[in-house]
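Protein chains in written order, with the working numbering: chain G, 1 to 275; chain Z, 1 to 387; chain A, 1 to 276.
There's no promise every hint is true.
[Claimed, not checked] Below, a list of computed lysine-lysine pairs in the PhoX-like style, where the Cα atoms sit at most 20 Å apart:
#  : chain 1 : residue 1 : chain 2 : residue 2
1  : Z       : K254      : Z       : K345
2  : Z       : K316      : Z       : K302
3  : Z       : K206      : Z       : K10
4  : G       : K90       : G       : K167
5  : G       : K86       : A       : K5
6  : Z       : K206      : Z       : K32
7  : Z       : K131      : A       : K183
8  : Z       : K316      : Z       : K170
9  : A       : K88       : A       : K183
10 : Z       : K170      : Z       : K86
11 : Z       : K116      : Z       : K185
12 : A       : K62       : Z       : K106
13 : Z       : K254      : Z       : K272
14 : Z       : K131      : Z       : K111
15 : Z       : K116      : Z       : K184
16 : Z       : K254      : Z       : K265
17 : Z       : K289      : Z       : K5
18 : A       : K88       : G       : K90
19 : G       : K86       : A       : K231
20 : A       : K9        : G       : K93
21 : Z       : K57       : A       : K88
22 : Z       : K185      : Z       : K170
23 : Z       : K131      : Z       : K32
24 : Z       : K254      : Z       : K316
25 : Z       : K77       : A       : K183
26 : A       : K90       : Z       : K107
27 : Z       : K131      : Z       : K116
28 : G       : K90       : A       : K183
29 : A       : K90       : Z       : K57
30 : Z       : K289      : Z       : K254
31 : Z       : K345      : Z       : K272
32 : G       : K167      : G       : K86
33 : Z       : K330      : Z       : K289
[Claimed, not checked] To be clear about the criterion: a stretch of chain Z counts as covered by chain A if any three or more of its residues have a C-beta under 8 Å from a C-beta of chain A, and this derived list gives those stretches:
#  : stretch
34 : 232-243
35 : 331-338
Think of the hints as simulated: they come from the structure by calculation, not from any bench.
We treat Cβ as the ideally placed atom computed from N, Cα and C, and that holds for glycine.
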Amino acid sequence: MKKRSLLSQAAAAPHIVWSVLFIIAPLLFVAYYALTDADGNFTLSNFGSLFTAEYLEIFLRSACFAFLATVICLVIAYPVAYFISKTSPKTQKLLIVLVMLPQWMNFLIRTYSWMAILEDTGIINTVLGWVGLGPVHMINTAGAVILGMVYNFLPYMILPIYTSLSKLDPRFVEASADLGCNAFGTLLHVILPLSRSGIISGITMVFVPSISTFYISQKLGGGNFDLIGDTIERQFQSAYNYNLGAAISFVLMVLIIVSMTVMNRFGEEEGGVVA
Amino acid sequence: MEKNKIIELKGVAKEYDGEIVLDSIDLDIYDKEFVTLLGPSGCGKTTTLRIIGGFVKPDSGELLFDGVSVIDVPPHKRPVNTVFQKYALFPHLNVYDNIAFGLRLKKMPEKEIYDKVEEMLAMVNLRGFEKRNVNLLSGGQQQRVAIARALINSPRVLLLDEPLGALDLKLRKDMQNELKNIQKKTGITFIYVTHDQEEALSMSDKVVVMANGAIQQIGTPTDIYNEPVNAFVADFIGESNILDGEMLRDFRVKFAGTEFDCLDKGFEPNEKVDVVIRPEDVDVVAPDKGMLCGVISSVTFKGVHYEIIVNIGGFKWMIQTTDYAAPNSKIGLYIEPDAIHIMKKSEFSDMFGDYSTYSEEMDHLSDLTEEEMEYLSELTEEEEESE
Amino acid sequence: MSYTKRLNKIYAVLIFIFLYAPIAVLILFSFNDSNSTGVLTGFSLKWYRELLSDEATMTALKNTLILAVSSSLLATLIGTAAAVGINKMKNKYLVGAVNTVTNIPMMNPDIVTGISLMLLFVFVGGIVNSSNSLNFWTVLIAHITFNLPYVILNVLPKLRSMDRHLPEAALDLGCTPLQSFFKVELPAIMPGVISGLIMAFTLSLDDFVISYFTVGNGFETLPIRIYSMTKKRVTPDMYALSTLIFIVILALLLLSNFVGERDAAKKVGKKKGAKK
Numbered sequence: 001m002k003k004r005s006l007l008s009q010a011a012a013a014p015h016i017v018w019s020v021l022f023i024i025a026p027l028l029f030v031a032y033y034a035l036t037d038a039d040g041n042f043t044l045s046n047f048g049s050l051f052t053a054e055y056l057e058i059f060l061r062s063a064c065f066a067f068l069a070t071v072i073c074l075v076i077a078y079p080v081a082y083f084i085s086k087t088s089p090k091t092q093k094l095l096i097v098l099v100m101l102p103q104w105m106n107f108l109i110r111t112y113s114w115m116a117i118l119e120d121t122g123i124i125n126t127v128l129g130w131v132g133l134g135p136v137h138m139i140n141t142a143g144a145v146i147l148g149m150v151y152n153f154l155p156y157m158i159l160p161i162y163t164s165l166s167k168l169d170p171r172f173v174e175a176s177a178d179l180g181c182n183a184f185g186t187l188l189h190v191i192l193p194l195s196r197s198g199i200i201s202g203i204t205m206v207f208v209p210s211i212s213t214f215y216i217s218q219k220l221g222g223g224n225f226d227l228i229g230d231t232i233e234r235q236f237q238s239a240y241n242y243n244l245g246a247a248i249s250f251v252l253m254v255l256i257i258v259s260m261t262v263m264n265r266f267g268e269e270e271g272g273v274v275a
Numbered sequence: 001m002e003k004n005k006i007i008e009l010k011g012v013a014k015e016y017d018g019e020i021v022l023d024s025i026d027l028d029i030y031d032k033e034f035v036t037l038l039g040p041s042g043c044g045k046t047t048t049l050r051i052i053g054g055f056v057k058p059d060s061g062e063l064l065f066d067g068v069s070v071i072d073v074p075p076h077k078r079p080v081n082t083v084f085q086k087y088a089l090f091p092h093l094n095v096y097d098n099i100a101f102g103l104r105l106k107k108m109p110e111k112e113i114y115d116k117v118e119e120m121l122a123m124v125n126l127r128g129f130e131k132r133n134v135n136l137l138s139g140g141q142q143q144r145v146a147i148a149r150a151l152i153n154s155p156r157v158l159l160l161d162e163p164l165g166a167l168d169l170k171l172r173k174d175m176q177n178e179l180k181n182i183q184k185k186t187g188i189t190f191i192y193v194t195h196d197q198e199e200a201l202s203m204s205d206k207v208v209v210m211a212n213g214a215i216q217q218i219g220t221p222t223d224i225y226n227e228p229v230n231a232f233v234a235d236f237i238g239e240s241n242i243l244d245g246e247m248l249r250d251f252r253v254k255f256a257g258t259e260f261d262c263l264d265k266g267f268e269p270n271e272k273v274d275v276v277i278r279p280e281d282v283d284v285v286a287p288d289k290g291m292l293c294g295v296i297s298s299v300t301f302k303g304v305h306y307e308i309i310v311n312i313g314g315f316k317w318m319i320q321t322t323d324y325a326a327p328n329s330k331i332g333l334y335i336e337p338d339a340i341h342i343m344k345k346s347e348f349s350d351m352f353g354d355y356s357t358y359s360e361e362m363d364h365l366s367d368l369t370e371e372e373m374e375y376l377s378e379l380t381e382e383e384e385e386s387e
Numbered sequence: 001m002s003y004t005k006r007l008n009k010i011y012a013v014l015i016f017i018f019l020y021a022p023i024a025v026l027i028l029f030s031f032n033d034s035n036s037t038g039v040l041t042g043f044s045l046k047w048y049r050e051l052l053s054d055e056a057t058m059t060a061l062k063n064t065l066i067l068a069v070s071s072s073l074l075a076t077l078i079g080t081a082a083a084v085g086i087n088k089m090k091n092k093y094l095v096g097a098v099n100t101v102t103n104i105p106m107m108n109p110d111i112v113t114g115i116s117l118m119l120l121f122v123f124v125g126g127i128v129n130s131s132n133s134l135n136f137w138t139v140l141i142a143h144i145t146f147n148l149p150y151v152i153l154n155v156l157p158k159l160r161s162m163d164r165h166l167p168e169a170a171l172d173l174g175c176t177p178l179q180s181f182f183k184v185e186l187p188a189i190m191p192g193v194i195s196g197l198i199m200a201f202t203l204s205l206d207d208f209v210i211s212y213f214t215v216g217n218g219f220e221t222l223p224i225r226i227y228s229m230t231k232k233r234v235t236p237d238m239y240a241l242s243t244l245i246f247i248v249i250l251a252l253l254l255l256s257n258f259v260g261e262r263d264a265a266k267k268v269g270k271k272k273g274a275k276k
């Protein structure tokens with residue numbers, strides 16, 4: 001019996017070997033390149049060069065943009081998720097498919113399409129022109145970049161929040177009303193805390209791609225708003241400084257891990273108070 | 001009945017995580033027998049069955065089929081088949097393909113398979129269900145398919161793991177009769193696991209009562225009921241009043257402060273014993289004519305009879321009688337010598353007392369099957385993991 | 001009450017307009033007569049004709065399909081086996097470690113996954129003195145790597161919820177352990193395997209960032225071609241292409257939904273059957 005169980009556990013072996021070769025080893029290479037110079041000698045100068053005003057500004061901007069995009073997504077997505085969870089099961093299914101459907105279209109093209117909408121001679125300004133307004137300059141602004149992030153990652157906020165809300169037992173809401181909570185109190189003290197896990201995974205799923213994107217800022221920011229992703233991309237695809245690129249990637253990973261840890265701690269404490 | 005040993009368990013023991021599940025059990029099973037392993041959840045009955053089926057390997061001990069050790073034979077090579085608790089029908093196959101599964105593995109020609117499947121379907125009263133989706137059958141129908149799927153392979157022994165546990169009461173009774181008939185017709189040895197004592201008594205040729213990983217008693221249903229060996233068996237099989245007593249000499253016992261004639265002998269003079277008196281063996285008489293006297297504390301109507309709890313010197317007796325008596329009235333009890341059964345003291349002696357804490361609810365709690373207990377413990381394990 | 005309800009509806013409609021505006025725009029302009037992506041001049045199918053006669057795009061499409069089919073099939077194979085193995089593992093720490101590592105490609109930003117694999121390939125290529133260390137095989141490896149967690153994520157719950165007596169019943173009826181897996185367990189978890197395969201396929205089809213860093217010059221996928229084209233002014237044949245891809249994905253989604261629904265119908269049927 002024991003032998004057989006060991007044999008079937010061995011079915012995972014190819015995957016484990018694969019993970020070591022192509023998940024763990026590559027990450028070790030990121031660390032290796034980050035800590036060496038072009039000749040392969042150990043150095044900390046890659047990290048040192050990141051402590052300049054130029055790079056600090058990029059890191060700060062990326063964090064700010066990603067934070068703003070995440071907050072806006074959360075504010076927009078929560079009511080949508082709540083609305084969907086209150087419809088009939090059939091409608092819920094349809095609406096969720098509709099939310100996810102745009103994701104299956106190439107995101108480069110979708111982002112590019114926003115250019116056509118936001119341009120000075122684009123669709124919005126054309127329409128504004130008809131009613132005698134504008135033109136409003138929108139493309140190549142910080143707002144356009146954040147809009148691009150919100151647009152591309154909004155579904156990743158709606159979906160997990162919806163999932164946690166749809167699992168929420170309606171009896172909790174009834175119990176809360178029964179115990180004298182008004183609608184707002186119920187939302188604040190019952191529904192929000194119980195959908196916390198969905199909110200947290202939504203934040204993760206929006207924040208991570210937002211802080212690491214490079215295409216959105218290039219297209220909608222017109223190259224005026226360098227983000228971490230742009231800097232990394234440049235090191236690997238045009239400047240060919242792999243060591244510096246690896247160091248920036250390393251910092252990006254650390255940044256993400258730190259913010260996720262802080263958020264999880266924050267989420268737990270919130271939960272602790274409520275529970 | 002031919003006395004032809006088919007399975008022998010010798011000193012079979014099993015531990016899980018340092019907890020003893022089976023404590024060196026010995027058991028012989030004879031050809032064409034209907035044997036029931038009976039006991040509460042966690043007593044080791046399902047583990048015993050799974051050891052015979054080959055799904056669990058014992059830590060020590062020997063398992064013989066026809067005198068040959070099969071301890072290292074994998075399940076698919078053993079001459080036994082199993083009816084699983086929740087049937088374990090293959091969801092991707094229809095009724096016919098489920099039943100034909102075993103024969104197809106043996107590469108039997110399809111024509112022969114067809115004949116045998118039809119024969120099986122007739123036996124379990126499912127003619128015409130060949131093409132049905134097994135997921136859409138009722139519990140009772142799924143049960144029949146599972147039995148047909150196992151029996152078609154003509155096993156020497158059929159193992160049944162609480163096969164009726166998921167059915168409602170009425171269906172259970174019908175299936176009990178049907179199973180007994182099938183067993184008689186096929187002459188296959190049945191090893192049947194249940195926690196339901198009534199089921200065990202009504203179906204079996206031989207009942208094996210288990211508790212705490214050990215066999216407490218092996219015997220015919222009548223033996224087990226009339227001559228329980230210890231307080232556990234007496235309490236588990238049917239209702240019993242179990243009292244502390246003292247064997248004064250052969251055929252004379254003292255309990256509840258009174259001396260009685262009895263039919264038991266062979267104890268040491270003045271040996272401490274457990275005395276069992278079944279509720280239906282007590283006659284209710286006028287207070288002045290009774291051997292014992294007490295006040296009725298409650299009366300429950302049970303349909304066929306009344307269940308009366310009587311307080312006699314602080315000990316609460318349960319008595320079943322067809323005559324109504326009002327609560328708080330005084331009655332006398334008359335006990336014939338053959339209604340008194342004497343047992344040696346055992347590890348279970350102090351665990352079963354009177355009916356002062358008796359309630360229906362407690363009964364239901366202990367009705368959880370082993371599967372359900374396992375499920376519950378798995379649930380809590382998962383919760384721990386997710387934290 | 002009905003006032004807030006109406007407000008809710010209006011809000012939801014606005015959000016959906018926001019989500020679909022760019023898609024509507026590009027579908028609209030894919031049928032436009034001129035090569036402007038700003039002004040509608042008239043209906044025409046010329047961009048679709050142009051697309052079909054553009055050899056480079058057609059090659060990229062073929063490459064993308066080859067990559068998506070092979071990577072999703074291989075990932076499904078490795079991932080399903082992995083799920084079976086993980087499901088049997090008893091050691092809590094081992095399971096925890098495997099799960100953590102498995103989830104890294106899902107949690108890490110795509111750009112980090114991309115450059116980390118690129119560094120590995122470049123380094124190994126440097127050792128063996130290969131002139132092009134990035135090629136079809138490297139991008140295939142990369143795609144299998146990020147597909148694996150999604151396959152496991154789809155298969156493992158099916159294994160966990162499978163009646164654990166099923167394989168025992170198969171053994172009991174005379175299956176060898178291997179036969180039991182192929183005749184009983186695999187059919188039982190098939191819905192999970194298929195939805196894992198479809199998910200891996202669509203992810204691979206759509207991936208740009210990871211391919212961008214792990215693919216060599218000789219092998220161009222569709223998203224990469226789109227990227228290089230959007231560096232200049234995009235002609236509407238890319239819009240036509242996106243519209244076509246959108247329709248294909250829609251069809252796939254409906255298909256997987258259909259499979260899922262059949263699965264659900266079975267379960268509902270089971271409950272009904274039990275009630276009888």
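Checklist entry - Are the Cα positions of K254(Z) and K345(Z) separated by 20 Å at most? => result holds (15 Å)
Checklist entry - Given the hint that K9(A) pairs with K93(G), does the C-alpha gap stay at or below 20 Å? => result holds (17 Å)
Checklist entry - Can the restraint linking K254(Z) and K316(Z) be considered satisfied, given a maximum Cα separation of 20 Å? => result This hinted pair holds, its Cα atoms lying about 17 Å apart.
Checklist entry - Given the hinted pair K86(G) and K5(A), is their alpha-carbon gap at most 20 Å? => result holds (11 Å)
Checklist entry - Between K88(A) and K90(G), is the straight-line Cα distance small enough, at 20 Å or below? => result violated (36 Å)
Checklist entry - Between K77(Z) and K183(A), does the CA-CA distance stay at or below 20 Å? => result Since the Cα atoms of K77(Z) and K183(A) sit roughly 17 Å apart, the hinted pair holds (cutoff 20 Å).
Checklist entry - Is it true that the CA of K185(Z) sits at most 20 Å from the CA of K170(Z)? => result The hint is violated at about 23 Å.
Next on the checklist: Just to be careful, I want the Cα atoms of K170(Z) and K86(Z) compared with a cutoff of 20 Å; is the pair within it?
Outcome noted: holds (18 Å)
Item to check | Satisfaction of hint between K5(Z) and K289(Z), Cα-Cα up to 20 Å | outcome: violated (53 Å)
Item to check | Distance restraint between K316(Z) and K302(Z), which requires alpha-carbon spacing of 20 Å or less | outcome: Satisfied, since the Cα-Cα distance of roughly 19 Å is no more than 20 Å.
Checklist entry - Does K131(Z) pair with K183(A) here, judged by a C-alpha cut-off of 20 Å? => result Between K131(Z) and K183(A) the Cα gap is close to 19 Å, so the pair holds against 20 Å.
Next on the checklist: Need the status of pair K116(Z), K184(Z): alpha-carbon distance at most 20 Å?
Outcome noted: With Cα atoms ~19 Å apart, K116(Z) and K184(Z) stay inside 20 Å; holds.
Checked against the numbered hints given earlier, this structure breaks hints 8, 12, 17, 18, 19, 22, 23, 26, 28, 34 and 35; the rest are met.
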